[in-house]
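Novice: The listed protein sequences correspond, in order, to chains A and B. Using the working numbering, the letters of the first sequence correspond one by one to residues 1 to 284. Using the working numbering, the letters of the second sequence correspond one by one to residues 285 to 550.
Just to be clear, a hint being listed does not mean it is correct.
[To be verified] Just so you have them, the derived chain A footprint on chain B, three or more residues with Cβ under 8 Å:
| id | segment |
| --- | --- |
| 1 | 326 to 335 |
| 2 | 380 to 394 |
| 3 | 436 to 443 |
| 4 | 516 to 524 |
[Said to hold, decoys possible] Here are the simulated distance ranges between beta carbons:
| id | chain 1 | residue 1 | chain 2 | residue 2 | range |
| --- | --- | --- | --- | --- | --- |
| 5 | A | 34 | B | 402 | 22 to 30 Å |
| 6 | A | 259 | B | 300 | 28 to 36 Å |
| 7 | A | 94 | B | 338 | 22 to 30 Å |
| 8 | B | 324 | A | 249 | 16 to 24 Å |
| 9 | B | 397 | A | 259 | 32 to 40 Å |
| 10 | B | 461 | A | 128 | 45 to 53 Å |
| 11 | A | 154 | B | 348 | 56 to 64 Å |
| 12 | B | 311 | A | 26 | 44 to 52 Å |
Calculated from the structure, these hints are not laboratory results. Backbone N, C-alpha and C define an ideal beta-carbon position, used for all residues, glycine too.
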Amino acid sequence: MANRGSFPHPVVDDSDDVASTFEVINIAYEPTQEDIEIRLTVRTDDSDLAQLIATGAARHSLRWTCTATISTDEVSPELTGRTGDGWILTTSIDQQRVRGNVDADVRVIATESIAKLRWTNQHAEYGGASFRVWPGDLIADGGSFRIAADKLYDPLNPPIGSCFKFHRDAKLRKGIRVNLLADHVVVSLTSATFDGLVRAGDRPELQIATVVLPALMETISFIKDNHADDDSEGLDGRDWYVAIRAMVEEIGGFDQSPLLLAQRILENPIDRVLTSLDLDGDDE
Amino acid sequence: MSGLPSTPEARALTDDALASLHLAHGDATSAKDFLALADAIVLNPVNQLALPDRLGPPVAISPDRDGVGIDAENAPRVHEYLGEMARANAADPRLWVYLAFVTYRDYMEERWPLGAVGTWENRVIDRWLLPRVTRGSLIRHGIARLWWIAHLTHQPQASPGLAESDPHGYTREALRTEDRVLGIFDREVGAMPDVVKAVLDHVARGDGRDSEGHIRGLMKELTLMHGYRDIGVLDADEIRFVIEDASATADVDVGLPSHEQDVNGS
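Chain B on its own, in the form it takes in the complex (with noise of 0.2 Å):
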């Protein structure tokens, strides 16, 4: 553990010294010699930036698991303390990296240790690092990954469905596991909010539907649908019947038992 303070307030690092993360990367011969050297770039105030607003301390997260997923609470906490931002800023790996090496330092040793895995290198490449900002990166990366999902999901006011009692309701749905998570984010149809809670809701309903497999099936189905016809223009109803549509072609390739009884309204 490194001598930091208890969950220090949200900053940003230079970037300079974000190059100087990566070098250090490069660099070091062990996992302990690289959080050393990291360490010593990320506390440098010399290599910090203050955000636009203060933010204070945040309230503490942890990968204990609660039964619904790993991170189903750690990410509304991470959201409601950075707030919403305009996803051009919330794209910054200077951000990210800060987050990860200092302000949530305990979960992400935690979460993602660098000590009990064979190579390192490629868990600090994917979940502490940031090297380069893409949809599949961000929703890898250790904190990104919570702020974003809960971004994309979040649901302030009331309405059927996951979020009828909770405005992050379709974000613990999304967050039951990891390869749900991938599976619905790292495609251009999970950048459609009005689409992933569609298929969430059609998820939570059971009976097979939150099957990791079915879930692929059904993401792999939108996408290639998407490639003919602009599912993002549809409205509720629309991408609804296009979601049940999906799901009996998906059950069939994936083979699953099918959901086709869906197609037809009962």
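Looking at chain A on its own, in the form it has when it is part of the complex (with noise of 0.2 Å):
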């Protein structure tokens, strides 16, 4: 931990004090836009913590700190498997707390005052000494490790995929239709269609080209109209609208057809799609 002064009583860790182990392996971590889910073993040789542990008068802890969003938080991590000598944890941390740098210390915590905890294998220039715990107190600590908190998404300049969701709805039968009512721009495609959607997701301008420029269109169309009727429902607090509405103006305003200014957010897809094609057998 930052800070980390001396201990008032032993503690299971890489110094002498305790003539066991307490290791942090087999660390991984990964980003989503929701979370960071982290994933670490635990392992020890001493039976005494091991026991305490297994008693809950302890507990596996991660305090995570970081220092750009002067956020902290301790969490027990789940217990998601065994091995031999330890445990595999598992915990996540909201990405909307955290940003840069995340430093994460794993320790184990006692739950309960411990009145007298001794160590089977403590220095032996503490003799048989004993020590009274309190609850938060460390008594292993495993040392720390940095997570680096990606961001895959800017508030400030959200991709404009983000601001669509597709639907595959089974009572449509033909067509896509676009629902403007919800925070994200509901883009609604037969059973068939959005199947075939799924199988182009390794031609994403295809997929861009064929769906999300009509849709983006009939966004823009709306946001026109909506712009032109004073009695029309704001739509300010609507995600969806303050990207596009961004994006627009940032090429040059709503003064501008739907078609072209869809054309030029989703840099011509219909250019790309068809000068890429080749048609003596690519696309099956």
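Can you join these two chains into the complex? Each is in its own frame, and there are hints to help.
Specialist: As structure tokens, this is what we get:
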């Protein structure tokens, strides 16, 4: 932990206070748009420590700190597996709470007062001494590791794709429909068309040209009509409106045709798709 | 004074604009020169980003001392104007730098003037720009500090203590002096709202507990204690006990009359 000083009682760590080990290995983390998922293994050869955890007198703990967001929190990681001498633990950190580097300390803390803690393997200089331990006291310290909280989403400059959600509508018979009443622009497709869109996943420019482009045109038309109608409901609270409005304003404003604006925002997907097609055997 | 409209609404700067401001800081030969260069950057619409929510113009803030603390009223106003934000977004320098140079420019020129100090370059770094986002830089930046301290101390629902009738009661107590702000919030334990509020409740009792020396010593003791005991997992009563215990030790360390009687429950 930052500013770690001396402990008032012996702790199982990489010092010689207790002739046992407490290690953190196999640390893995994966950022998603919502969370940073963390998985790690902790192991020890100290039977006293294992017993304290087993009885609930102590528990695994991870404290993370992010100085850039003046945030810190302590979590009790979920036990998702056991190894011969250790525990596989998982936890997650909300992306909304962190930015940049996050430092995580892995340890075991007391959950209750322990009147007389005495480690079997404590250093000989402690003799037979026992120690009073209070709730929250560290009794094992696995050190710290650092996570880079990369952001997949910038709310001040969101990617156009984040505005749209695609819905497989079993009741739709043909064509696509666009719903602009929700927090996202919901594009409904027939079951077969939706499945085809999924199969075209390795051709994103094809997906954009065939579905996103017309949906974006429809959205821009809707916004223009909304702006022109004083009685219509304000759209300011909708994320898709804020993002698309910003993009349109950046390229000159709404006094241009929806077709022109949508193509510019999406970087001319029709041109890109058709000029890249290999008609002799490409698009099966 | 720049040719800005009065209290323009909040926006943000682009990353390129931020980089340009830093270059201007390096190139400028005087504070006046720097602000002229800066205005050319921040006022260019190409360098601005709209916020996800339109906020309209804010209530103006003023650095006039009101007997409580220079910013005791300003912090709640900034917090109410911007509203609650996800901390990841509230750590975005693009927002705070725009607010300092544009939206709250009048306040910044009075509260953190550049022409009146010998090393204007350092003041620009500490109070106007946000070259690196850290706990220390956020609580020093002229505008970010107001929102962040209010955010960390805001109590929306009434509770015993400083927030019994004022959701920003803890904010106002925290902002009594600049030393107090740095002493409390520029430490890891200052990021724990329950600990901060308990410290402020303790400090508000006065009788020497509100001296800067006592506060400094108390926070140092809490930081040392947090090295071997995670005080963030303690409940409210346990935190209060820890603070009284640390308070007694802190007074001894800094040579102040002891508050030891508080440890014994009186």
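Novice: Run through the hints listed earlier and report the numbers of any the structure violates, in increasing order.
Specialist: Violated hints (numbers, rising): 2, 3, 5, 9 and 11; every other hint is consistent with the structure.
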